[in-house]
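Trainee: In case you want the letters, here they are:
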Amino acid sequence: MTPELHSFPRLAPGCRLNEKTQQPRTLLMPERALRLNGPSLEIVERCDGQHTVQQIIVDLQKIYSKAEPTKVEQDILGYLTLLQKERALDFAL
Amino acid sequence: MTSTIPNPLALIAELTHRCPLHCVYCSNPLELQSRTSELSAEIWSRVFKEAAEAGVLQADFTGGEPLARPDIVTLVRAARSAGLYVNLISSGLPLDEAKLAALVEAGLDHFQLSFQGAREETANEISGTKSHAQKLRVLDWLRQHRVAVTLNFVIHRRNIDQLEEMLALAESSCATRIEFANVQYYGWAFANRENLLPTRVQLDQSLTLIKREQERLQGRIRVEYVVSDYYAKYPKPCMGGWGRKLMVITPSGDALPCHAAQVISGLAFENVKDRSLREIWEHSAAFQKFRGEAWMQEPCKTCDRRELDFGGCRCQALLLAGDAAATDPVCCLAPLRPKVDAILAAANLAPVSAAAGLAAPANEPVTRPSWLYRPNPS
Numbered sequence: 000m001t002p003e004l005h006s007f008p009r010l011a012p013g014c015r016l017n018e019k020t021q022q023p024r025t026l027l028m029p030e031r032a033l034r035l036n037g038p039s040l041e042i043v044e045r046c047d048g049q050h051t052v053q054q055i056i057v058d059l060q061k062i063y064s065k066a067e068p069t070k071v072e073q074d075i076l077g078y079l080t081l082l083q084k085e086r087a088l089d090f091a092l
Numbered sequence: 000m001t002s003t004i005p006n007p008l009a010l011i012a013e014l015t016h017r018c019p020l021h022c023v024y025c026s027n028p029l030e031l032q033s034r035t036s037e038l039s040a041e042i043w044s045r046v047f048k049e050a051a052e053a054g055v056l057q058a059d060f061t062g063g064e065p066l067a068r069p070d071i072v073t074l075v076r077a078a079r080s081a082g083l084y085v086n087l088i089s090s091g092l093p094l095d096e097a098k099l100a101a102l103v104e105a106g107l108d109h110f111q112l113s114f115q116g117a118r119e120e121t122a123n124e125i126s127g128t129k130s131h132a133q134k135l136r137v138l139d140w141l142r143q144h145r146v147a148v149t150l151n152f153v154i155h156r157r158n159i160d161q162l163e164e165m166l167a168l169a170e171s172s173c174a175t176r177i178e179f180a181n182v183q184y185y186g187w188a189f190a191n192r193e194n195l196l197p198t199r200v201q202l203d204q205s206l207t208l209i210k211r212e213q214e215r216l217q218g219r220i221r222v223e224y225v226v227s228d229y230y231a232k233y234p235k236p237c238m239g240g241w242g243r244k245l246m247v248i249t250p251s252g253d254a255l256p257c258h259a260a261q262v263i264s265g266l267a268f269e270n271v272k273d274r275s276l277r278e279i280w281e282h283s284a285a286f287q288k289f290r291g292e293a294w295m296q297e298p299c300k301t302c303d304r305r306e307l308d309f310g311g312c313r314c315q316a317l318l319l320a321g322d323a324a325a326t327d328p329v330c331c332l333a334p335l336r337p338k339v340d341a342i343l344a345a346a347n348l349a350p351v352s353a354a355a356g357l358a359a360p361a362n363e364p365v366t367r368p369s370w371l372y373r374p375n376p377s
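Line by line, the protein sequences are chains Y and C. Quick note: the first sequence uses numbering that gives the first Met the number 0, first residue 0, plus one each step. Quick note: the second sequence uses numbering that gives the first Met the number 0, first residue 0, plus one each step.
The shape of chain Y in the complex, shown without the other chains (with noise of 0.2 Å):
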């Protein structure tokens, strides 16, 4: 269940992000919350419908050029994963 590369994942109805003022950055779902650190939130934020995913791992990939590119990319894909097992996005084409 690999996310598609050139789909637009969007947060699912009833998931959001907390205020920015709220500290930590938490993704609030359904009867769940997962916090969120640098690369999480710099995920979650992306996944607003306007980005394909290999738009956003090219963007993480420029704020983590430290990071192996290919480590970069399967990180990404494992999150993007983990979100979708939680019913937490929907993939548009």
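These are calculated hints, taken from the structure and not from any lab test. Take the hints with a grain of salt, since some may be wrong.
Derived pair list, reagent style BS3-like, types lysine-lysine, alpha-carbon separation capped at 25 Å [as the list claims (entries may be wrong)]:
id, chain 1, residue 1, chain 2, residue 2
1, Y, K84, C, K210
2, C, K210, Y, K19
3, C, K48, C, K272
Okay, the calculated bits of chain Y under chain C, using three or more residues with CB under 8 Å as the criterion [as the list claims (entries may be wrong)]:
id, segment
4, 13-19
5, 76-88
Label pairs and their computed distance ranges (CB to CB) [claimed, not checked]:
id, chain 1, residue 1, chain 2, residue 2, range
6, Y, G77, C, V200, 36 to 42 Å
7, Y, H5, C, K300, 54 to 60 Å
8, C, E292, Y, R34, 22 to 28 Å
9, Y, E3, C, S33, 52 to 58 Å
10, C, D303, Y, G77, 28 to 34 Å
Just so it is clear, CB atoms sit at the ideal spot from N, CA and C, and this is done for glycine as well.
With the hints as your guide, set chain C onto chain Y.
Mentor: Structure of chain C alone, referenced to chain Y:
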């Protein structure tokens, strides 16, 4: 020690005990609170702010029927603007399209629509009202809104054979989540237990079906299944542990560590009208009573599982063992587990009467249990 107490994560706001339904397993106490004792919207607004400041992430609006409060839109707006994620757990009665739109506009995040069955006959029998058709209308209206939708089914002997129909209902709707919670036996459900407990065969069939459906629906609909703990080997970590994660506020403002805590005599509950939420969380004697491990008896006291299930449920210990500090009798290590086994043995010997809405087998008379219905408070 204040510093070792984790923050509460969710606030369960029982906004009212009034309800148009009379469900035979209602989680409200047998002694219902009246309309005149209900907290005002002003006090609830303060409570939501204090909750967010104390670290609470989510507010669960429940009841009774939370929509019975005429100021429900104000309450949703207050909780959302305090910074909380707002869940509404509702029967969908009374609701119209305009009110639903207003709730979403006020910041509602998640609508949990409760169903009593997949078939109208079952649903109406269990709720003691004609409510099923209205729920289907609400489910259809929800398509218009960007809000999470969960279908909540309370599962028992009379509807556990309808899981496939319930899943089909979810698949035909905009729901992203379906929650099957087997009845837990407190209050009204305790009184109606013999007519609600499923058989072992029913339970095993349901587990096989759920596992298959969870895989089939992965990524589309999240399927949650909570088993009746009478059938479990170990007890549930009730409320995530006493005073560890959740706070329940009753319609009149009493702060409880769990929905049923009022059955435990000798516990004094603080009221949010008199104290701040954080003060209550940290210092209330009721929250301290079963927090941590100091209160535990054997076999919990030295058990390796005590940090997993925290000794199980205190209210169940009281109801079945007569001692709120006893090991939860559903635990296979509890001295009183034979009592639970005897209850199960009786449930498994009794014939399963025809599910409502289905013709009875030729050799079985059509029987309808004599339910104790939950009334409406004054």
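Trainee: For each hint, tell me whether it holds in the structure or not.
Mentor: Verification of the hints:
With a CA separation close to 15 Å, the supplied pair K84/Y and K210/C stays within the 25 Å bound. Of the supplied pair hints, the one linking K210/C and K19/Y is violated, its CA atoms being roughly 38 Å apart against a limit of 25 Å. Among the hinted pairs, K48/C with K272/C is consistent with the structure: their alpha-carbon atoms are about 14 Å apart, no more than 25 Å. Given a C-beta distance limit of less than 8 Å, the hint that chain C covers the segment 13-19 of chain Y holds, as 5 residues qualify and 3 suffice.
Under the rule that three or more residues need a Cβ within less than 8 Å of chain C, the assignment of the segment 76-88 of chain Y holds, with 4 such residues. Between G77/Y and V200/C the beta carbon distance is about 40 Å. The supplied range of 36 to 42 Å therefore holds. In this structure the supplied range 54 to 60 Å holds for H5/Y paired with K300/C, their Cβ-Cβ distance being about 58 Å. In this structure the hint that E292/C and R34/Y lie 22 to 28 Å apart at CB holds, the actual value being about 27 Å.
For the pair E3/Y and S33/C, the supplied restraint of 52 to 58 Å holds, since their beta-carbon distance comes to about 56 Å. Take D303/C and G77/Y: their Cβ atoms lie about 32 Å apart, and the range 28 to 34 Å holds.
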